[in-house]
Amino acid sequence: MEPTMNPLLPFLMAGDPSLAALPGLLSEAKALGLDAIEVGLPHSDPIADGPVLQAAAQRAIADGATPIKVLEALAACAESPDVILFTYLNPLFQLGAERLIGLLRPTPVKALLVVDLPDDQEPDFERTLRDAGYPMVPLLAPTTDLERAKGLLARRPDPGPGAPFAQRFAYVVARLGVTGSDQATDLAPVRERVAALRGLSERPLAVGFGLGDPASLAAVRRWGTTPVVGSALVKALAAGTGLTGFLTPRLT
Amino acid sequence: MTHAAPHATAFTLPDRFGTAEFGGCYAPETLMQPLLDLEAAFVAAVEDPAFQLELKTELRNFVGRPTPLTPAPRLAARLGLDALYLKREDLTHTGAHKINNALAQALLAKRMGKAEIIAETGAGQHGVATAAACARLGLSCTVYMGVTDMARQAPNVARMRMFGATVVPVASGQGTLKEAVNEALRAWAGRCDAAHYILGSALGPHPFPTMVRTFQTVIGEEALAQVLEQRGALPDAVIACAGGGSNGLGLLVPFLGYRLRRFVVEAGGHGDGLGEHAARVSREGQGGGRVGVLHGCKTLLLQDEHGHTAETASISAGLDYPALGPRTRRPRPGREGGGAAGLRRDGAGGREGPV
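Taken in order, these protein sequences are the chains called A and B.
Under my numbering, think of the first position of the first sequence as 164, with each following residue one higher.
Under my numbering, think of the first position of the second sequence as 58, with each following residue one higher.
For reference, chain B alone in the conformation it holds in the complex:
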């Protein structure tokens, strides 16, 4: 059933987060009404039991949820831990957490009467997930992907095409996720009357960060129930990686309010200089992020002194993004572990903090 979005004249959900007032909606005027209507449609869908039931059913029957929580005793012993559990988002259909959000947004698009989907992708996981969701729901799908990422993630390009998506190479800049988002935003501005843009990470203009966070918290909700069932207690810490932040928010948000440590790991790259890493938070003030505006939101941004977005480097295509989503907050000084650059191994740097 199509529920045409009410014609919204103002946002109703909070769009600024934390004392630095990250987030917001820094969008070209062409996209403002589509974003207002998207928020209204999102709010209506989330409050509609029929939508929730449809989403839950598809997450079970198509995505394969719940995904297991796998104890990893040998890895735990190797690391000197009592226990370690892996939340197996790799076991979803298409092999990453991205499908949770892509499917939910595709259902939302269908509800809004939009038959065309636009998406960006970095590593290709979000592109594959969106292509699969579109194939499932009979929507046309165009994925924008940087040429560097297309080369290093060629199997994912093949999978998108197998699902019937058109993959558009983006050659500008360093040919990675940032350029793909630029091009997807441009394409959406040209087709916003007919197309919905499924942004894959918890970034971009409002309401995307909130919408993506909402659709990804299924990860943490399951993990919380599963760890209590298997271990009979809360874990001491929860750890997730963050490119834009959808995976990190998805896992960590349901653990907010409990007495445990929450880590977000970002890409440490191969050096300390600007352009040699994607450590927005860990190196804040030391060649890391400064408050800036990119892709429609205010957040910690890797940029040069002139406000031009910096290049990034990571062995992981999925973490190679210059800004952290506005809802993944900086550690508060003085909090336990708040100043620790905790994890750094194989190119990843990390810092603990609330999300």
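So here's chain A without its partners, still in its complex pose:
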């Protein structure tokens, strides 16, 4: 097992159930010993998200969770795992790289995962953020063959073992489609992909999309990869289940 192996990478949507709840949730995640957490910055048109995260984004936006308010709320989170800010390009693009960096500085954000930003589309924007310490997480989909994966990993490089998990890992998309765990995901194909990707890179891998039940998460963990739990957690939080209560049975 790699030294940077992180047992679980949870996702929650900033502003859902409320921005006021964010510091408490992140502090609970920290107390569980998690290295990193994905925090969604809600966007009006989340084209890679399923119904659960779409609804969470809508609730958060309706509740006033603008990009600036989300980043300000994150800045007030003293106790937090490293945060990977998960979002779409346009809200960040409207802020611009310089202003965004200024807003990120006081937050626990260590990396960005921008679903609709391939690495060659906004090279200046991406370089400015990376140079400031905010690299983009590479995504590897079921449609990404090994040759393409090699290029993606090289263009969003691993800063090396001295860097935190949040800045090193690549995100392996477990299946075609959007986020959400309503359908069970067949783990055999992604297991093969993970094995093949191991031959390309030493960097830590997280596996997400369609995982939620403890058994799937445990299976992914046995491969030496970090499972992502998103929609299932967001649903549980919306239903009033606590973060610790939901994540504890999913940590081992």
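Bear in mind the hints are in silico, worked out from the structure with no lab data behind them.
Misleading hints may appear alongside valid ones.
Ranges of calculated distance between the beta carbons of each label pair, as one might list FRET restraints [unchecked claim]:
1) A:A326 to B:Y315: 52 to 60 Å
2) B:P226 to A:I231: 28 to 36 Å
3) A:R290 to B:Y315: 40 to 48 Å
4) B:R131 to A:D283: 49 to 57 Å
5) B:D105 to A:R318: 32 to 40 Å
6) A:D226 to B:G342: 29 to 37 Å
7) B:D250 to A:K313: 19 to 27 Å
8) A:P320 to B:E278: 45 to 53 Å
9) B:R347 to A:P320: 27 to 35 Å
10) B:R347 to A:I264: 15 to 23 Å
11) A:R318 to B:H64: 15 to 23 Å
12) B:R209 to A:D226: 25 to 33 Å
13) A:A317 to B:H64: 17 to 25 Å
Source: prediction; values computed, not measured.
All residues carry an ideal CB built from backbone N, CA and C; glycine is no exception.
Position chain B against the provided structure of chain A, taking the given hints into account.
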């Protein structure tokens, strides 16, 4: 015959347009390889005389092309014009220009070995056209449509179903074209191994804007030949409406390079505030579009200060879209008529500009 797309590793066609570098391919990674392969298949098809012949034959025998160019002398007199001609895309099979692109893309999908088609629709014209093209070619068809549009365009929903398509209601947001595109993109990400997404307008990630423009220019090519034949001269101006921009590009592109005025008309809605119109270009800088990224391309986008897409309003379901396709360019300042907000009547606002 199936021509499996070569496994492409890079785009070969230009994907950025104008000094603002609109366009691009802002797609989730899952869709990148399908988009690369689609571009390769599109380029191969366009260069293949057999594909061109098949498309031309189907446009004649199934769509009913060429469509007439109808002189409208009484309307011309009423407007104080010497002459006015209407390019009759309403006389195609299924009643709109959308069939030109839908049929061509369906042929392309079949060539790529894809048996399933996904489409979005706003007014329903593209949905009907895609459903008809799929019925013609024996492809299965699923159309995503906002619930607001389904209610106001119910006859088109019935026609899609008559052609054997499944119509999936999209209830999120304001239930119009933007939400339908969101849902179609999501569905494609889930089925991109088996399905082709027939985007109906000249928007979305590369290569869609270029592909749709290419398949729609038959409108302007015919119109140019027909007006020269009927009038013996070029027109003084060419006018088209633009929701996403496929109709506008289709008519106006073949008229590029000639000395005449080109107008694109967009939806003026019922007010000047954000959410009360779909005037991306006409009101740029005054509650209109700002450069942003939506549905895979960078373009003029109606959005709030936070980068969330704004709602839109129009009496026309087909013009109710917050972004203008990246290949329909803004007027260049200083050009003749470039600053004129020319047309505004019955809820439509317009501005002249090159496309």
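* Range hint 19 to 27 Å (beta carbons of D250 (chain B) and K313 (chain A)) holds or violated -> 22 Å, holds
* Asked: Is the hinted range of 15 to 23 Å satisfied by the C-beta distance from R318 (chain A) to H64 (chain B)?
  -> 19 Å, holds
* If you check the beta carbons of D105 (chain B) and R318 (chain A), does the distance land in 32 to 40 Å? -> Distance hint for D105 (chain B), R318 (chain A) holds at roughly 33 Å.
* To do: Indicate whether the distance between the beta carbons of P320 (chain A) and E278 (chain B) respects the range 45 to 53 Å.
  => 48 Å, holds
* Is 27 to 35 Å right for how far apart the beta carbons of R347 (chain B) and P320 (chain A) are? -> Given a distance of about 33 Å, which is inside 27 to 35 Å, the answer is holds.
* **R131 (chain B) paired with D283 (chain A), Cβ distance criterion 49 to 57 Å** => Given about 55 Å between the Cβ atoms, the range holds.
* To do: Take the C-beta atom of R209 (chain B) and the C-beta atom of D226 (chain A), compute their distance, and say whether it sits inside 25 to 33 Å.
  => 30 Å, holds
* A326 (chain A) and Y315 (chain B), beta-carbon distance inside 52 to 60 Å? -> Taking Cβ atoms as reference, A326 (chain A) and Y315 (chain B) lie about 58 Å apart, which means the hint holds.
* Asked: Regarding D226 (chain A) and G342 (chain B), is the given constraint of 29 to 37 Å on their beta-carbon distance met?
  -> This hint holds: roughly 30 Å between Cβ atoms.
* For the range 28 to 36 Å, tell me whether the beta carbons of P226 (chain B) and I231 (chain A) fit it or not. => Holds - the Cβ-Cβ distance for P226 (chain B) and I231 (chain A), about 34 Å, lies within 28 to 36 Å.
* To do: Go ahead and decide if the range 40 to 48 Å is satisfied by the Cβ distance of R290 (chain A) to Y315 (chain B).
  => 43 Å, holds
* Take a look at whether the Cβ-Cβ distance between A317 (chain A) and H64 (chain B) falls inside 17 to 25 Å. => 19 Å, holds
The structure fails none of the hints (numbered hints given earlier).
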